[in-house]
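With the working numbering applied, the sequence shown covers 428 to 560.
Since the hints were made in silico from the structure, they are not lab data.
It cannot be assumed that every hint is accurate.
Said to hold, decoys possible - Once the Cα atoms are required to be at most 30 Å apart in a straight line, the calculated DSS-like pairs of lysine-lysine come out as:
{"#": "1", "residue 1": "LYS430", "residue 2": "LYS532"}
{"#": "2", "residue 1": "LYS484", "residue 2": "LYS458"}
{"#": "3", "residue 1": "LYS484", "residue 2": "LYS507"}
{"#": "4", "residue 1": "LYS430", "residue 2": "LYS507"}
{"#": "5", "residue 1": "LYS432", "residue 2": "LYS536"}
{"#": "6", "residue 1": "LYS432", "residue 2": "LYS458"}
{"#": "7", "residue 1": "LYS430", "residue 2": "LYS458"}
Nothing here was measured: the structure is a model prediction, and the numbers come from that model.
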Amino acid sequence: MEKTKLYECTLIVDGGLQDEAIAAAMEMVQKVIAGKGGDIKSVLEIGRRKMAYPIRKKTIGYYAHIEFTAAAPVIAEIEKVLRYEEDLLRYLIIHLTGALLEMRKRVEKYSVVIGSPEDTAASEAEAPGKDAK
428 MEKTKLYECT LIVDGGLQDE AIAAAMEMVQ KVIAGKGGDI KSVLEIGRRK
478 MAYPIRKKTI GYYAHIEFTA AAPVIAEIEK VLRYEEDLLR YLIIHLTGAL
528 LEMRKRVEKY SVVIGSPEDT AASEAEAPGK DAK
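All chains should be built: construct the whole structure from the sequences, respecting the hints.
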């Protein structure tokens with residue numbers, strides 16, 4: 428039996444579709460993952476957003492994240508099916524390593540990534556107060 432790993436699939440579905448078609452596309456992706464041997468842990472549907480640049484002349488996309496566990500060879504089979512799905516504008520499957528999970532916990536805890544512009548602005552704002560002592 429192959430060792431399963433934790434993966435995340437980020438999807439952009441065509442945002443110009445009706446809600447029923449988007450729901451059907453999301454259900455199809457979940458069935459593909461489960462049908463190929465994956466075990467879905469969570470589904471986070473973010474919703475319609477304006478994309479940074481047009482993809483296939485579309486400017487609105489429906490974003491979603493699916494966390495699942497699967498064996499490594501299964502990922503290629505899932506991607507083979509998703510590649511030819513017309514309603515999916517983009518997809519990306521990544522392996523969630525310990526470092527990525529630790530960073531996710533830190534972001535959830537502090538809601539600011541260390542080294543981000545918000546983090547440096549907050550530290551610069553505190554610095555003059557410390558010198559005034």
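Taking the hints in turn, this is what the structure says about them:
Taken as a hint, the LYS430 and LYS532 pair is honoured in the structure, with Cα atoms around 24 Å apart against an allowance of 30 Å. The suggested pairing of LYS484 with LYS458 holds, with an alpha-carbon distance near 28 Å, which does not exceed 30 Å. Between LYS484 and LYS507 the alpha-carbon distance is near 23 Å, which keeps this suggested pair within the 30 Å criterion. Taking the CA atoms of LYS430 and LYS507, the gap is near 21 Å; set against the 30 Å cutoff, the hint holds.
With a C-alpha separation of about 24 Å, the suggested pair LYS432 and LYS536 falls inside the 30 Å cut-off, and the hint holds. Note on LYS432 and LYS458: the hinted pairing holds, with a Cα-Cα distance of about 19 Å set against a maximum of 30 Å. Between LYS430 and LYS458 the CA atoms are separated by roughly 21 Å; this keeps the pair inside 30 Å, and the hint holds.
When held up to the earlier numbered hints, the structure conflicts with none and fits them all.
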